[in-house]
Structure formats: C-alpha cells, structure tokens
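Visitor: Dock chains B and C against the given chain A, drawing on the hints supplied.
Chains as they are written, first to last, in our numbering: chain A, 15 to 559; chain B, 93 to 416; chain C, 118 to 397.
Read the hints as simulated data drawn from the structure, not as lab findings.
Check the hints yourself; a few may be wrong.
Stated by the list, open to error - Which residues of chain A face chain B? A partial, calculated answer using Cβ under 7 Å: (1) 41; (2) 199; (3) 200; (4) 219; (5) 222; (6) 244; (7) 378; (8) 467; (9) 471.
Every residue, glycine too, gets a C-beta built ideally from N, C-alpha and C.
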Amino acid sequence: MTSFRLLGFLALVGFAWPVGAQDRRDHGSIVIVIGAEPNLPVPALSSAKANVDVASLMFLPLTRPGKKLVTTDEQSFEPMLAKSWTRRDSLTLVFDLDPRARWHDGVPVTSRDVVWSLNRARDSAAPLPYPLLMRDLATVTAEGPKRVVVTFRRAYAEQMYDAVFHAAPLPAHLLDTIPPARLATSSFVAQPVGNGPYRWVKFEPGRQAELAANPDFFLGPPKLDRVIFVIARAAEAQLNLMLDGTADAIEAGLLPRQVTSIVENPSLRLLTQPSLSILYLLFNQKAPGDRTKPHPILADGEVRRAIALGIDRHALARAVFGPYASAIDGPMGSASWVRRVAPKLPNANPTLARRILAERGWKDSDGDGVLDRGGLPLSLRLSYPGSSLARVSVAEPIQAMLRSIGVRIELNRLDGPVYGERRGKGEFDTEIAGTNLDPTPSGLVQSWSCAGIGPGGTNVGSTCNPRFDEALNRATRAVGDANSAWKAAIAALQADNPAAFLFSPAQVVVLHRRYRNVSVRADLAWSDLWRWSVDPGQRLARDRR
Amino acid sequence: MAAWFLRRLLQAAATFLAVAALLFVLMRAAPGDPLSRLTDDRPMSQAEQQRLKMLFGLDQPIGIQFRQFATAAASGDFGVSIEYYPTRVNTLIGSRLPASLLLGATVLLVNLGLGIWLGVLQARRRGSALDRWLTRLSLAGYAMPSFWLALVLVALFAIKWRLLPAAQMTNPLLPHDASWFLRAKDVLLHLILPVVTLSTVTVAATMRYQRTAMLEVLRLDYVRAARARGLGESSVVWRHAWRNALFPVLTLIGLMLPMVVSGSVFVESVFAWPGLGSLAAGAIMTRDYPVLMATALLVSAAVLASGVMTDLAYYALDPRTRSR
Amino acid sequence: MTGSLAATLWAGLRSPSGRSGGLLLVGLLVLALAGPRLLPDPTGITDLAAGASPPSLGHPFGTDHLSRDVLARVATGARISLAIAVLAVALSLTVGTLAGLIAGFAGGWLDALLMRMVDAALAIPRLFVLLLLLVVWEQIPLPALIGVIGLTGWFGTSRLVRGEVLRLRSEGYIQAAAALGAAPKRTIFRHLLPNVLGVILVSATLSVGEVILLEAGLSFLGVGLQPPTPSWGIMVLDSRNHFSTAPWTLFFPGGMILITVLAVNLMSDALRAAFDPRSA
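In isolation and in its complexed conformation, chain A is listed as follows (with noise of 0.2 Å):
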C-alpha cells in the first residue's frame, strides 16, 4: 500500500514536475524606448546608438573590459567568444575561441570569422572612424580553426581593449564574397545573422524592431525570451510610453524632476550609475571664424581660469540633475577608469576669479556690471544646441553666475545641425559641449591635443599646449602601470583650462519593477539583457506564452 502510494506520489511529482519547471522555466519580454531606427544592426557598419544597441544582443565580442571598464588592464576583460586570451609578447595577444559559440544559422564561430571581421574594420573602404581607431593592429592572423593572433605596432597598454572593442565578429561564410564597400547595402543587413544571445526576427520601419531569445546560446539560454525596441524620438513620447505602460525599460537623457513621476509610478524603478558623457564649457583660443588670429578675449589663459572658477559646477549638477550627476575634473565621465586617479578641480571662487580677472586689465570703467579692458567688454557669446535637454537646462544658471563676476554672457541656442556647423568652423566664443567618451582616455588626442586641430581631429577650441602633449604621449605609450602617467596628463590639462568641466550626468535607466538579476552597463546598456529574468511572482499576461 505505502509502496503503491509512494509510487503514486512518485509519479505525480515525475508527470507533474517537467511540467512546473516548464511554466518555472523563465518566460518573459522587455519592451525597450529607442530613439531612433535600428536600421542598419551590424557591428563596425554604424556607430548610431540606435544601432549599436540592437547589435550588441545579437554579436558578441572577442572579450569585453570589466564592469568597472578599465580599457589599460588586459587581466580585468571578460571572456566572451574567446574563452581565454594569452600574451606572447608585448607586441603579440593570442585569443582562443569557445568551442561552443555557434553562429544563429547553426554553423561554429571560427577563426577565420575574427580573421576576416577584424581586417574588413581596419580596411581603408570600411566606414570611419573604425581604421582609425584600430590603426595600432599590425595583423590579424588565425592559427587552426579555433586560435586567433593579433600583433600591434606598439606595446601600450590598450592592446587588448583596441582589439576587441570596436568591431565585434562577423559569419564570414556568409559575407566573404560580399565586397567591403557593399556591406551595408547587402541582404545581410535586413536579416543579420550573429551569434548572441538574441537573434534577428524583423524590424516594422517607424514601429519596432524584435529580437527573439537563442536558445541555443552557448552562455546558457536567454530567460526574457522577447526583446522589442519601440520607436519614438520625442522626449516625451519617450516618458509617455513608459508612464502609461506600454514600454519597460528605456536608458533615458532625462532630469530629474521627470524622473520623480517615475519614481512616484508605482511600477516603475529607477537605476543609476556612473556614465561616460560629460558636459563641459568649451573656450574657443581661435577668434571666432579665423583660426589664424587669437581670441581677444580667451587666448588669455588667466581669463580661461577666471570663467571656470566663477562657475560653482557642484551647484548646477545638483540644481539641474539633482543627485544624477557628479561634478568631473576633466574631460572624463564618471564611469572612467582616469577619473579615479585624476587631480581634483579647485571648487568655485567668484572673490578669486574677481580678482584674477582684475590684475589682468578687466575693471568696470563704466558701471554697466560688465568688465571692460580698452573700450572692449568682457562679452562672450555662448551657443548650445536647443536640442539638447541638459545643455538647455545649465545655459541660463551659468549665464547668471557669470554675471556676478562680471562676464556677460549672450545666450545663443541653436539647431542642432547649425550647431555643430559652426562648432566644425570654430565660430564660436564659448560652447556647452555634451560628449558621450568612449572608455578609453586616449581619445584625448583628437580633442585636446595640438594634433587634433584641423582635419584629423576634433579639437574645436584650439586649445594647443605642449606640455600636455608632451604628459599624455607619454601616458597612451606607458606599459604595465599608467596610472601616474595619467595623472600627469590630467594635472597638465586642467592647469591650462581649455574648458570648464562641468559634470557628468549618471547613467539613468528606467526599468519595471519586475525584472530580476538586473545588470546594466555604462559602456553597451543592454548587453547583459540575457542575464535578466522576470520575478514569478510579477509576472504580467505578456510574459507567458
């Protein structure tokens, strides 16, 4: 009897269970706000947000930087595709592939798909900035199937984060007989094929795009089992979409006092961290429009102090971002890795920058509240992008602190295109620039450095001193620990001012309250969405089958 009824028991819990764990067995959907069309989702074809988004559920990298992203410390990256990664020498990285990675189309990851991938990047035909940014790979070879070695001009530090972090693999059986040039254009594009944790089911133009979960994937299969980014490019579309429920999750430029209706929505969570965008008071060196002649009033770089410690950055973080930004002391976010070693920025000082302003020539001769030197008023004129949320939102406070040290400014917003037209040209006095880093501080080159004036580069102000030059090539050439060599190059940078840095807003997204084991990444948001599971307990209609 006891024995019938245990097998009974038994076979309850064995017909039973298969089917507990296949309802347990994590279903579940995230409905994502982007702004824009992922219309082009390949890796290395388009660096638009939109697209890199989408792309990094469905391509993996070789290896990634770790959470914390320092790009200078190879032994910090995680395994991606290559299971492991070795070092011949300091010119030679050695990766080896997960036996297991499988393209979506069932054929394996090869050597031969790293080979052709990254070499396609570095090609002159492929699109900018990607040869550029990998211009320090010497050559890229396989070894058997399942090796991949890559050699480096230089020995620097960076090798392994320039080697994996631009181009992530492509199927090469697939595109190999497709000329670089015509890449984007190809079929691939409308049905791309990777090898991630989600693959490609369609995009509607204007609508969404929907990624379904692989189960086949080699890290384990995917738990939120459908992925859709939903279309909407105003703000608030944006919000509305996911005040009223349609949306769960969105990484968001937003300020906080639209954060509170989040906050107050009950199903609604907010998740902050470190970013890397920084905002920052760009002073044009250059007269606007001539770069030949200096500015009359900015090439002075005591001036350039003045400005920068008559602005109280920690007050106009709070003020216009509330807790979600923290003041910087360079051109680094706060999610850099050099922001940690980084010299701190003297606080703000109207009494001092009076002053310095005061022994340099600038008096009120005629009591307008306005400085003056020779008839010429301490007038700047400051354009910032309408477009922009933040940069609208901190025009109007500095303009005002600046009046109480006696610097007149001229509010200038602009459309976006004109902007950047008249950023490109150098016709400007000063600039709220927003800027979104890549990890890496050796980006600095182009924005800071005398090399990044004129066609290679992105240095706007001019800004031109060979001392920081000097400290930052040596910091992008240092081998083993550059932290001190970092910190040099900043120290030298600051002590210029070629800029007020601001602050570096967090990384706001907004997510319902019912997922789980969520990680979010400063680099690439959604790139751990396989990781994410819904608690059972909250599960809505929509997250079962």
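Guide: Below, chains B and C without anything else, positioned relative to chain A:
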C-alpha cells in the same frame, strides 16, 4: 471644360517644377551641417566629415548636386537617407506614408462629417441655445493650442486613467498570429488621441466657416423661393442652400488636404506616430537633405493638387464661373 | 463711409461678446504694460537649488525649474507674444486680403499668376524660409521678426478671400454694382470687403495662436528671440519637459495663449455681427 482643366494642370506642373528648384536651393542655403549630428554626440574629425561629404555627394558644387538630384528624381529615385544610411529614401517614405494617410484621412473625414453637419445645424437653428453652446465650444476649440491639448489628453487618458495608449501606432507585444480584427482594434485605439487633438482645432474652424457661409446663403432669394415652393426643409437646406455654402469650406478643406499626406509634424512627434510628419521632424533636426527634399516635394505636390481640386470643385459647383 | 464704419465698429464693441473680448484684451494689455514694472525680474535666478514651487501667495503662478516667478515671466512674455500676435497677424491679413481681392476681382492672367505664386508659397515649408534668417541676423530684432512672420503667413488668407470674392461674383453682387456704374475701388470697399470680413476674421483668429507658437519654434531653431527673454511660446515649449512634475509652468503660459485667442475670437465674432447683423 477640358481646355480649362488642361491649362490649370499645366500651370500646376510648372509651379511644381519651380517649387522643386526653389526648395533645393533654400535647403542648401539654410545653415546647418547634416553630417554634424550623425554620430550621437561622438565628436567627428574633419577627415571623417570630408569622407561622408563625398559619400553623399555634398562636396560637389550646388549646380551639379541639383542636376544629379533632378535626373534621379525624374525617374522616381530620391537617393539615400543621410541619417538612415544606407536606407533608400523611397523605402523610408513608402514605410511611413500609410500611417500618415490613415491619420490625415480620419481627421479629414471627421471634419467633412462632424464639422460640416454641426455648422449647418447651427445655421439652421441660429440664435437657439444649441447654436450658442456650439459657438462657445468652437470658440474654445480653436483657441486651444494643439500642443498643450495633446499633452493634457495624454496625461489624463493615457497616464492617469490608462484608457488609451499614449504613443505609437500599434501595441509592440501583439502576438504574431493576432487576427486582423485584433490588429484593427489595436490601431484604432492608438488613433483616438492624435485624431482628437488634430480634430479639435480643425473641426472648430470648419464649423465656423460652414455656419457663416450657410447663414449667408439661407437668406438668399432662391432659397426663400424654394421654401415658398413648399419644398421640405431638409431638401431646401441640403439640396439648395448647402451646395452654395460649400465654397469657403472647400477652400478650407483644400488647405487641410496636404495634412493628409504629411500628417502634422508636431502631433506625430508627440504621439511617436510612425508617419511622414515624424520622419520629417527628424529629418529637419538632422538636415537629412534627401529625406527632407522628398517629403517637402510630396507635401508641395499635395498642396498643388488640392489647389487644382478646389478650383475644379468650384467649377463643377458653380455654372457661372464657367463662363470665364 | 468713415462715419458709418466707426459707428459699426462701436456697435460691435458694445455687443456682449465684443465687451467680454475687449475686456480680456484690455486685461492682457494691462498685464503686459504694468506687469513687468511691478513684478520681480523674470530672468533672475534667486535660488538655483530651490527648483519649481507650486502657486502660492508670494508667487501666484508658482515658480519654474530655475526658481523664477512664472507670473513675472508671463507678464514680460505678454509684451513679446502680444506684439507678435497682433502685429504679425495684422500684417499678414492686410497683405493676404489685398492679394485675394485683386486676384478674385481681376481674374484672368493676374488671378492665375497670383494664385500660382500663392500655391508655390504654400507648397514650401515656412521653416526653410525662416531658417535663412540665421544667415542674415545673428540676433534678430523684434520688428524684423514680426515682419518676417507676417510676410510669410498671408498665403492661406489670400486663397480664402479669393474664394469668397468668386462666390460673391457668382451671386451677382459685383455685376449689379458695376451695372449701377460704381467704380471698381468703390465696389471693392463698399460691397466686397464687408462681405468677406467674416472669412478674414475667422482666418485671423486661427493665425493668432499659431503665430505665438511659431515664434517659440523659431527661437528653438536659434532664429527667434534668445533666452533668457521669455515669450509664452518659449515658456510652453520649455515647460513640456517639466509637465508631469510642475504642470503650472505649462498651464499658465498655455492658458494665456488660450485667453488671447479666445479674446480675439470674441472680438471678431462681435465685429462680424456688427457688419452683417443677419449672420449673428
């Protein structure tokens, strides 16, 4: 008639060509660099810019650019979008046009139905309580900034009461095998708020125009004569009077017609409606010349066509204009 | 003629809707003229950290996200927005009416030419034309802004007026007047204008709200007035990002636009009734 119509068509075609050339020049003359916003805040070097310029042919003199554009456009090819490189402009427009047509046509229908009917009703019951209330409503209706109205409607109906979706045209999670009925219902629900926003102002205007025109006609001799002949009231109103009270309303509808094609840039953006309006809004923000040019040409074609149609309607409705 | 015109206008103003519309307009004017003198500095950021606060005794309209008094900003904005609304609309109405009258009255090739020009102008998005201003002016003066908005806004009106003229022609007004030996000018002013007034006034009320928001759109493109100068349109567009948490920053400037358009509406209704009592 045929000669008049042909002449009118030729005039419209000539105008269209002039507009196309003018648009091209205006667009290139307007300040703003389409390439500067391509990379989402990532700084772009001048070398990179130069290369992109060559890719999109922007390094050529404007005369050559126009010749290239005109030759391609004549065969129906509007080139490649800059922002959505390498997507073709025709593909983009083709995928967005249906949504705009749906929104615009619905608003137009609401106007033709509700607006005209209410306007005529007001004229017939002139001075009654109904007329006064409808007047007040229409005054408030078109005093309403549609921008403001859209935000308030969304805040109430979509976010506070959760009755209607706040944005987009479809529910992103609709199953792949959903029936056509479910799909239609889904689109309809998404359509309500944008249509109400756009209709509030336009219906109010249609009502006012229709009421005014109708009042002027109702007192004319031939209407009185028709009444005197003992014809039924609705026959007098609709058959005899309304026909002649259509003029200003026709002109107004003619002015609204282009909206059917282009949608409303603003309302489409606020509701993330996947139509031409939101495409154009994005293209303005990025100076995506090929997309801008194509959408602007579509709208001008619609404007010109509606002009022809309005004239045609005048011609058909009123025998006396024919003598000209 | 002038005497009767003044009398008609006066009668219109004395009607109930004329009086309420007039009262609203006077209120707005008082706010625009006296407000900025009595209220705090609309651009003064007193306490950056304080943020927006809801309406209170000290700040009847609340404060915005930069802790500035919304009432003071609304009052200062009234000067700009009302000036633009009234002057630009008046300009575009005058030009539009004249063009429409000429086209409708002259007919023939002049009509065709004028109307094809209007077609072309309507077919070109206003934005492209206005963006060109950036090339000419770095910071546009207000009169120029008004002029440009007015001169790019008359095309629709001219079409409407022409349509009305055609209708009146077909009804025999003009033939009758001409048969009685009236000079064309007299015919236009005596017989046509009062009859097309209804259409002109409706078109005016439609433009007022549009123009106020257009100015804001322009300032967003860098073409219009630059911050910290407040206009209602700029306040409305700026506050949309704070709508969910500080709705008063959107409500008051939006409400002012509504009131202005409503006042113009009421006035135009009253005027039309005075000119043409049978349509009231």
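Visitor: Run through the hints listed earlier and report the numbers of any the structure violates, in increasing order.
Guide: Violated: hints 1, 3, 7, 8.
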